[in-house]
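Visitor: Quick note, the sequences are listed as chains W and Z, same order.
Note that the first sequence covers residues 1 to 280 in the numbering used here.
Note that the second sequence covers residues 281 to 539 in the numbering used here.
Hints may contain errors.
Which residues of chain Z face chain W? A few of them, derived with a C-beta cut under 7 Å, are [claimed, not checked]: (1) His287; (2) Ala434; (3) Leu435; (4) Ala438; (5) Arg440; (6) Val441; (7) Gly443; (8) Pro460; (9) Pro528; (10) Leu529; (11) Trp533; (12) Ala536.
Away from chain W, derived, C-beta distances all over 12 Å, residues of chain Z [stated by the list, open to error]: (13) Ala300; (14) Val392; (15) Gly471; (16) Val483; (17) His532; (18) Phe535.
By construction, these hints were calculated from the structure, which means they are not laboratory data.
Note that CB positions come from ideal geometry on N, CA and C, so glycine has one too.
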Amino acid sequence: MPSRLVSANRCSDRPAPDSRTVLEFRNISFSFSGRRETIDVLRNVSFTCREDEIVAVIGPSGCGKSTLLSLATGLRKPSAGEVLIDGKVVKGADPRLGMLFQQTTLLPWRSVEENVELGLEIRGEPKRVRRRRAIALVQQYGLAGFERKYPHALSGGMQKRAALAQTLAIEPKVLLLDEPFAALDAQTRIIIQNDVVKICRAGRRSMLIVTHDIAEALAMADRIVVLSRRPATVKELYEVPFSREAASVADAPAMPGFADDYKRIWNALDISITGMGAAA
Amino acid sequence: MSEGLRHRLLVNLGRLVVLAAILVGAELGIRYGLLSRLFFSSPSEIFAALQAELDKGTFLPDVGFTVFETLLGLAAGSLSGMAVGLTLPQVRIISNVIEPFLMVLNGIPVIVIAPLFILWLGLGLASKVGISIYIVFFAMFIPVYTASLRLDTALVDALRVMGASRWQIFWKVIVPSSLPSVYTGLKIGSGLALIGAVIGEFVASRAGLGHMILYASGNLDTPALYLGIIALAAFAAALSLAVDAIGPLLVHWRFADEK
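Build the full structure now, drawing on both the sequences and the hints.
Guide: And the structure:
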């Protein structure tokens, strides 16, 4: 099967009449004042994430990938442009968004169950409702028997599952992930990546995942947004042809076209390897 | 017998031997004239002094006075130190303005501040409690304040994304993250609370164990002097044991389900 990689210039969006745009970055620019000069982080970035779609954002280190997520969550405000959720401009924390952070954000003084309840507690749900939902999620995400354990007693993979349950407890329509699996060991990472994809698909949720791992982007996403170096612009927009065909995340690398796509994205990232012995 | 149990038995036995050696040594040393009665007292003399003080009817009130000052100073000083330590970092501009003043105040030795408290609050209970609050406040404020400044912002961000208000973030993140520092503050503060109360009594007072010790020392009443010191030591030990028993409840999650 020939790969159907397309560049941003030739094709903007895959036509899919039945799915509508849930999250949209519209002409986003972001800069902050450094000690001496203003640093431009993002310049005129536009892309969308539709219902039931997984979009990966990939780019060189420090290009401002994570900044995009903090703009969507309202933690930061864009210098120009706007982020829209369901067509409405984001002004602050939005109940339709859930975010999984890179570092563990479980509260160390709360048990797994109490941590999963946190989002509902903030919304003022009554204790009975919270507990019932938390117990169901804990079971669903393979944490049964660990309800009353504190985060420090959990392995890295289980902490990630608990954090995922915490994020999904409020039933967000859009899931934002900020390099969430970077600290996991290789096998646990694949298992959790696979779980996240399954959960996302099952709930017809949209997901935006920021990563610097090309294989992760190809294995999980339907589309990949490649950002350039700072100030970051959208350099390329790829569709992953086998995104819904691979049986699991672990099977993705064996899909036809994976190696070619990997190479093309690598080239688009324009990272020069000048390690030991590479200098002429 | 397990290795651990055997070790503990040996340690406790050793401690009993040391205590017995001190008591018997003092008793025999005084009785056979090896130790001066002016500098040392035997356990039986100290016990006689206890009975004499009880007969006078001032000993128990003196103990009660010092205990009350200490506990009140510890409670009020800890609570105010916690409250200021937690809230001050929330308003950056105010904390920046006030910080140097607090640090200078903290640097003044409490012994030279004590006369001021006597001047302001009189010879009675209030001045001792005031001095005690003063030093306990800093013992609690400094660790709590430092911890609040070094708060894990990732946790705060996670809650903000969930839509938490400032108030919710304060109670669900900032207060619980300060609890290990509160435990530290309580441990240091419990020792200082007693020091503050006794310093107040030493500077000027009409009652309390500090007053009794000062009086005994002025009268060269060595057994009463030792009695006062032993009573203070016993109270200090009890207070420290109480804090060690209650403190871990503040950081219960650290002791729960070790791997």
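Visitor: Please go over all the hints and tell whether each is borne out by the structure.
Guide: Do the hints match the structure? See the list:
For His287/Z, the interface hint is violated, the least distance from its beta-carbon to any beta-carbon of chain W being 28 Å, above 7 Å. With 7 Å as the threshold, the beta carbon of Ala434/Z comes within range of chain W, its nearest partner Cβ sitting at about 5 Å, so the hint holds. For Leu435/Z, the interface hint holds, since its Cβ comes within 7 Å of a Cβ in chain W; the closest pair sits about 6 Å apart. A cut of 7 Å between beta carbons decides the hint on Ala438/Z: the least distance to chain W is about 4 Å, and the hint holds.
Satisfaction of the interface hint for Arg440/Z is found here, the shortest Cβ-Cβ separation to chain W being roughly 6 Å, below the 7 Å cut-off. This hint holds: Val441/Z has a C-beta 5 Å from the nearest C-beta of chain W, less than the 7 Å allowed. Because the beta carbon of Gly443/Z sits about 4 Å from the nearest beta carbon in chain W, less than 7 Å, this interface hint is met. At a threshold of 7 Å, the smallest CB-CB gap from Pro460/Z to chain W is about 9 Å, leaving the interface hint violated.
Interface restraint check for Pro528/Z: the shortest CB-CB distance to chain W comes to about 13 Å, outside 7 Å, so the restraint is violated. Against a cut-off of 7 Å between C-beta atoms, the interface hint on Leu529/Z is violated, since the closest Cβ of chain W lies about 12 Å away. Checking Trp533/Z against chain W by beta carbon gives a least distance of about 5 Å; that is within 7 Å, so the hint holds. Nearest Cβ of chain W to the Cβ of Ala536/Z: about 6 Å, under the 7 Å cut. The hint holds.
Listed as outside the interface, Ala300/Z is consistent with that label: its C-beta sits roughly 44 Å from the nearest C-beta of chain W, beyond the 12 Å cut-off. Against the 12 Å criterion, Val392/Z stays outside the reach of chain W, whose nearest CB is about 40 Å from its own CB. The claim that Gly471/Z is not at the interface with chain W holds, since no C-beta of that chain comes within 12 Å of its own (minimum 26 Å). Even its closest Cβ contact with chain W, about 42 Å, leaves Val483/Z beyond 12 Å, as expected for a residue assigned away from the interface.
Not every beta carbon of chain W lies more than 12 Å from that of His532/Z, the smallest distance being close to 8 Å; the non-interface claim is violated. At roughly 10 Å, the least C-beta separation between Phe535/Z and chain W is not larger than 12 Å, which violates its mark as non-interface.
The structure is inconsistent with the numbered hints 1, 8, 9, 10, 17 and 18, although it conforms to all the rest.
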